[in-house]
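**Student:** Work the whole structure out from these sequences, hints included.
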Amino acid sequence: MASTAPSPQPNFALDLEPLETHAFGNRSLTWWGIVAFFLIEGTAFALAIAAYFFLMSWDHAWPPPPLNPPDLLAGTLFTIVILLSEIPNTLIKWAAEKYELPRVRGLLVLMSLIGLVLLVVRAFEFNSLNVFWYQNAYGSAIWMLLVLHTTHIVTDWVDTLVLAALMFTPHGTEGRRFVDCSENAVYWRFVWLCWLPIYALIYWLPRLVN
Amino acid sequence: MSERTYLRDGPDLTGAALHDKLARTCGDRPGFWGWAASVDHKSIGRRYLVTAFVFLALGGVLALAMRLQLSGPQKALIGPDRYNQIFTMHGTTMMFLFAVPVMDAVAIYLLPLMLGTRNLAFPRLNAFSWWMYVAGGSMLWIAFVLNAGPDAGWFSYVPLAGPEFSPGKRVDFWAQMVTFTEVAALAVAVSITATILKARAPGMTLARMPVFAWSMLVVSLMVIFSMPSIALTSAMLMADRMVGTQFFNPYEYGDALLWQHLFWFFGHPEVYIIFLPATGFVSEIVQAFTGRQVFGHTAVVLSLVATGLLAFGLWVHHMFATGLPRMGYAFYTAASMAVAVPSGIQIFCWIATIWTGRPRYRLPMLWVVGFIVTFVAGGLTGVMLASVPLDLQVHDTYFVVAHFHYVLIGGAVFPLLGAVVYWFPKFTGRMMDERWGKLAFWIALPAFHLTFFPMHYLGIMGMPRRVYTYPAGMGWDTLNLISSIGAFLFAGGVMVFVGNALWSLKRGEAAPADPWTAHGLEWTTSSPPAPYNFAHIPVVTSATPLWDPERPVTRGLRVEDREVLLTTVFEARPDLREPSPMPTLWPMIAALATTVLFVCSIFTPWAIVIGSVPVGVALIAWFWPKDRGPEGEPVVD
Amino acid sequence: MRRGAVLLVMALGGCSALYGPQSSAMGQGMESAHIGNLFDLFLWVTVPIYLGVMVFLALAMRRRQAMVQGAARPEQEAGWRLGLVLFAVTSALILFGLSVATWFTDRAIARAGAGPALSVEVIGHQWWWEVRYHDPVAGRELRTANELVIPAGATVKVSLSSPDVIHSLWIPNLAGKQDLIPGRTSDVVLKVPKPGEFRAQCAEFCGLQHAQMALPVSVRAPGGFAKWYNAGLATPPVPGGGPEFAGYSLFTGRQCASCHNIAGTPASGQVAPDLTHFGSRTTIASGALPNTAASLERWIADPQRVKPGTQMPQVPLSPEERAAVVAYLESLK
Numbered sequence: 001m002a003s004t005a006p007s008p009q010p011n012f013a014l015d016l017e018p019l020e021t022h023a024f025g026n027r028s029l030t031w032w033g034i035v036a037f038f039l040i041e042g043t044a045f046a047l048a049i050a051a052y053f054f055l056m057s058w059d060h061a062w063p064p065p066p067l068n069p070p071d072l073l074a075g076t077l078f079t080i081v082i083l084l085s086e087i088p089n090t091l092i093k094w095a096a097e098k099y100e101l102p103r104v105r106g107l108l109v110l111m112s113l114i115g116l117v118l119l120v121v122r123a124f125e126f127n128s129l130n131v132f133w134y135q136n137a138y139g140s141a142i143w144m145l146l147v148l149h150t151t152h153i154v155t156d157w158v159d160t161l162v163l164a165a166l167m168f169t170p171h172g173t174e175g176r177r178f179v180d181c182s183e184n185a186v187y188w189r190f191v192w193l194c195w196l197p198i199y200a201l202i203y204w205l206p207r208l209v210n
Numbered sequence: 001m002s003e004r005t006y007l008r009d010g011p012d013l014t015g016a017a018l019h020d021k022l023a024r025t026c027g028d029r030p031g032f033w034g035w036a037a038s039v040d041h042k043s044i045g046r047r048y049l050v051t052a053f054v055f056l057a058l059g060g061v062l063a064l065a066m067r068l069q070l071s072g073p074q075k076a077l078i079g080p081d082r083y084n085q086i087f088t089m090h091g092t093t094m095m096f097l098f099a100v101p102v103m104d105a106v107a108i109y110l111l112p113l114m115l116g117t118r119n120l121a122f123p124r125l126n127a128f129s130w131w132m133y134v135a136g137g138s139m140l141w142i143a144f145v146l147n148a149g150p151d152a153g154w155f156s157y158v159p160l161a162g163p164e165f166s167p168g169k170r171v172d173f174w175a176q177m178v179t180f181t182e183v184a185a186l187a188v189a190v191s192i193t194a195t196i197l198k199a200r201a202p203g204m205t206l207a208r209m210p211v212f213a214w215s216m217l218v219v220s221l222m223v224i225f226s227m228p229s230i231a232l233t234s235a236m237l238m239a240d241r242m243v244g245t246q247f248f249n250p251y252e253y254g255d256a257l258l259w260q261h262l263f264w265f266f267g268h269p270e271v272y273i274i275f276l277p278a279t280g281f282v283s284e285i286v287q288a289f290t291g292r293q294v295f296g297h298t299a300v301v302l303s304l305v306a307t308g309l310l311a312f313g314l315w316v317h318h319m320f321a322t323g324l325p326r327m328g329y330a331f332y333t334a335a336s337m338a339v340a341v342p343s344g345i346q347i348f349c350w351i352a353t354i355w356t357g358r359p360r361y362r363l364p365m366l367w368v369v370g371f372i373v374t375f376v377a378g379g380l381t382g383v384m385l386a387s388v389p390l391d392l393q394v395h396d397t398y399f400v401v402a403h404f405h406y407v408l409i410g411g412a413v414f415p416l417l418g419a420v421v422y423w424f425p426k427f428t429g430r431m432m433d434e435r436w437g438k439l440a441f442w443i444a445l446p447a448f449h450l451t452f453f454p455m456h457y458l459g460i461m462g463m464p465r466r467v468y469t470y471p472a473g474m475g476w477d478t479l480n481l482i483s484s485i486g487a488f489l490f491a492g493g494v495m496v497f498v499g500n501a502l503w504s505l506k507r508g509e510a511a512p513a514d515p516w517t518a519h520g521l522e523w524t525t526s527s528p529p530a531p532y533n534f535a536h537i538p539v540v541t542s543a544t545p546l547w548d549p550e551r552p553v554t555r556g557l558r559v560e561d562r563e564v565l566l567t568t569v570f571e572a573r574p575d576l577r578e579p580s581p582m583p584t585l586w587p588m589i590a591a592l593a594t595t596v597l598f599v600c601s602i603f604t605p606w607a608i609v610i611g612s613v614p615v616g617v618a619l620i621a622w623f624w625p626k627d628r629g630p631e632g633e634p635v636v637d
Numbered sequence: 001m002r003r004g005a006v007l008l009v010m011a012l013g014g015c016s017a018l019y020g021p022q023s024s025a026m027g028q029g030m031e032s033a034h035i036g037n038l039f040d041l042f043l044w045v046t047v048p049i050y051l052g053v054m055v056f057l058a059l060a061m062r063r064r065q066a067m068v069q070g071a072a073r074p075e076q077e078a079g080w081r082l083g084l085v086l087f088a089v090t091s092a093l094i095l096f097g098l099s100v101a102t103w104f105t106d107r108a109i110a111r112a113g114a115g116p117a118l119s120v121e122v123i124g125h126q127w128w129w130e131v132r133y134h135d136p137v138a139g140r141e142l143r144t145a146n147e148l149v150i151p152a153g154a155t156v157k158v159s160l161s162s163p164d165v166i167h168s169l170w171i172p173n174l175a176g177k178q179d180l181i182p183g184r185t186s187d188v189v190l191k192v193p194k195p196g197e198f199r200a201q202c203a204e205f206c207g208l209q210h211a212q213m214a215l216p217v218s219v220r221a222p223g224g225f226a227k228w229y230n231a232g233l234a235t236p237p238v239p240g241g242g243p244e245f246a247g248y249s250l251f252t253g254r255q256c257a258s259c260h261n262i263a264g265t266p267a268s269g270q271v272a273p274d275l276t277h278f279g280s281r282t283t284i285a286s287g288a289l290p291n292t293a294a295s296l297e298r299w300i301a302d303p304q305r306v307k308p309g310t311q312m313p314q315v316p317l318s319p320e321e322r323a324a325v326v327a328y329l330e331s332l333k
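Protein chains in written order, with our numbering: chain L, 1 to 210; chain E, 1 to 637; chain R, 1 to 333.
Since the hints were made in silico from the structure, they are not lab data.
Among the hints, a few may not be true.
[Said to hold, decoys possible] To be clear about the criterion: a stretch of chain L counts as covered by chain E if any three or more of its residues have a C-beta under 8 Å from a C-beta of chain E, and this derived list gives those stretches: (1) 13-25; (2) 31-41; (3) 47-57; (4) 75-89; (5) 139-147; (6) 159-171.
Think of the CB as a built atom: it goes at the ideal place given N, C-alpha and C, for glycine as much as any other residue.
**Tutor:** Structure representation (structure tokens):
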């Protein structure tokens, strides 16, 4: 039931053929998708942090007695490793933007291993919180922050594994795949940036507040 | 560039020959699987529209059931347990399963056409979002039919909705439905934001963009910043109920008000998420039927932005009776009053447009007039509710029920019905019947007021909300009866509208590309549009392209592969050619896996761990490039 | 409220409920009177605004302008732009004025409620009201349920809490509502110049029987209040004989005693309404039924029929036993 609008020979004003089919940074749609996810997940984290402060604001010790704050070792180790991981992460971004396939491949394998190490350390962190999620709202709050962040680590780690595998296939030479690698590196920055306030809230605030 | 030569649109390939090639490239395969694999925004937009109206009907039937029970004192038609499920389902269905998705539906269908592009950004994400929406809504309604529907209100306050006072799975179904619909809405919001900012036709600067697109940009950003709140808090509620967290348990250092803050931080922007697209409809309709660009275009756009921002600073006005510090409340009173100013500015601008234009009162304009008459009243009762002392009397009474139906039905549904009539020819190629349409309007508008105006009195006269019955001798009987009669008449009006739409689908008068002599790009496409929308991507030189003498176009996009044009954010200069996905079943499969994960996790938390494996597999398969080889220009399949 | 509302009421054909015992339009308490005046002000401002917008719309709809292609004449646009600015500024000023009026009302209410007050605690339960009066003199604490009696002319501070879910106490004739939130305490101040009988209702959805959680509120002259209070402190005597004694034995012997409390008897349950002076209350089951022998009989025979979902179980009693219990309870004046 279509009725076509009448069109005599159109007035061709612009030629699109010379345009590229991929680009880095905010010229790529992927970038906008990633930034949108930053905003969504960042908002979720911000609200979880707000909930933490809201629960803390009642007049009682934090953590409530007789609990001790989480042990520092695993969490601090995690923080050091994840901050150091930014070095290979930035190298991936630079290499991707220069289409250096062998470097990108190697570094993605390295990042996958680092991700695995981080997950192992994270398991130890859960074990050293000194409270269970069901004991009280304090326990629920710090478990919530840690679980939310762990979900981040897991999803980005799986992303990295998939991307690493992809770069070893013939698809690895496509320009758009290098854009994906660059964007994945940007996402990793978001992951450790979100970690910093959460680290402070889980491990340090309970020590400083009482 | 590559060695291969590609067929591209241009002076050598235009007209019927171009149409054949593009239709084949951009069309869907026939049959069920072709439909299921479609990533075309028009197909997905239609699905969203039909699904949303089905939920509207279901929610409406629940409303009629409530009005029947309340038509007289101490009626025994519906007992308290079922009634509590019914009012919860009514609110939940209308807010989560109708109001937001229906606005998304129109946006998904219209925005690429209005903006001069072939598809939305992230088309597979769009397809995925619809499957998630349907799955979540179906899960909820199946639960309700099985007498396991949520019964703690659409707002599900704790501790009532917590593990101690709402045992069983009812509230869990509610909380998980929220997860489904939030995922869907967030996906659509991401897609719309990226489309509006990056995929506009060359020359369509932000200033030249249609007002409806502005409203959807603001709304999408509001969704991005508000929906995480309810996703987070409903997850916290499920955790309290299923794994023993103590977020909301005051006996274990938790706080019942934490729920209210997080819920309303979402809940207040939510109502503007529903209202602002409707204002976009009104601007578009008023422009078309007055023959001029909306008066105060800049003011209208700024009002949209201001409303969107202010909406985030009002949520505590839902909590005025909770005993928070009065000094803090004063801020929220001021902010809640302030938000009326941009809405008022829009009303002024629309009336000024009518005054200084040459208005034609075709059916969509009638709905706009109905909207103004109704919404302004609702906005003014909103101003009353913003005042803490007044709110302390009428909060949680039928006065509030009157207020929000005035602003939601008057402010969102009436413009929506006008929009349906207005864009029906574009979506379907046929006109809706004008006479039956007018009949529907003249039944629905007075019936609406008959239903909801008496509720203002009932609230002032002491009738609280969410009650399955009321005693005789309170003096509430007559007004309740009038309201119930009105409700059935209103339902009749809506049914005439829907019947008209269904009949016109088959027998309506054939529609040309531009039946209303409107001004936007969508009216240059055929009715309904071809699968590829535009044979050549247009170049835009003003805010009212169809009223311009010249209509330049571009050339050079590939014709045998799906390709869209990305432009720069502010000036819309052509920037990149972006391959657009081919049809694929992976969004549906991923949604199926996610549905299994979400539904099973209501019954055991281990489902989250186990169920994420198929979801991960589906997502990887979705994004993994299928074997097409790396030479040549990129495709997405 | 009265002036504006009466006009609209007449238009609607008369609604006697505006003048009933559960109406916010009456302004019979200090707070509700202030709120009523504020509402009047808001009505006098918003109704003309609404009518003004409608007139503006009607005038616009009647015009048929000659137009330059796609836009109004430029000299008109400038005039309209000024109109828009004036409109925006005027709306903002009006809203600001309403905010200021709100603030003044709030202050007036807070100031009027200051000073020494009778202290009452209302504790919300699913689906009944526990009421405790505090008295500085030891041994003069009064506990009752499902009734709130206060003296006219005095300042009464009602503190509010709940051990289960969120409720809300709303006595529309006297004051605005306040929520009863587990884990928090809030309060509402009542100051009622003249005696009267009112009806309050729970105004926050609290589960199955939210609709039947009413609270009779009785405001009495100071002398009458003192009389009621002292009678409330007195322990009712154990019945000597007859059906009241039979009812007393049944009440204290069966499961009634494990939930309800009656002073001076072995019945000392704490989870259900205190029944010490039940006979002088006006309603049964927080407003579900009027307090008559026949209704009480109905309630005890099948509570679920009257208030489906109530916590009160169906106690197996023969009709004679039931009549005896009714006689006993009604004797507890």
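**Student:** Indicate, hint by hint, whether the structure satisfies it.
**Tutor:** Taking the hints in turn, this is what the structure says about them:
1. Remark: the region 13-25 of chain L is confirmed as covered by chain E, as 11 of its residues place a Cβ nearer than 8 Å to a Cβ of that chain, reaching the required three.
2. Only residues whose C-beta sits within less than 8 Å of a C-beta in chain E count toward coverage, and the region 31-41 of chain L has 7 of them, enough to reach three; the restraint holds.
3. Note: the region 47-57 of chain L has 5 residues with beta-carbon separation from chain E under 8 Å; the three-residue rule is met and the coverage holds.
4. Three residues within the 8 Å Cβ limit are the bar, and the region 75-89 of chain L against chain E gives 0, so the coverage statement is violated.
5. Closer than 8 Å: that is the beta-carbon criterion, and the region 139-147 of chain L has 5 residues meeting it against chain E, so the requirement of 3 holds.
6. Check result for the region 159-171 of chain L against chain E: holds, 4 residues qualifying (beta carbon to beta carbon below 8 Å, three or more required).
In this structure, the one hint that does not hold is number 4.
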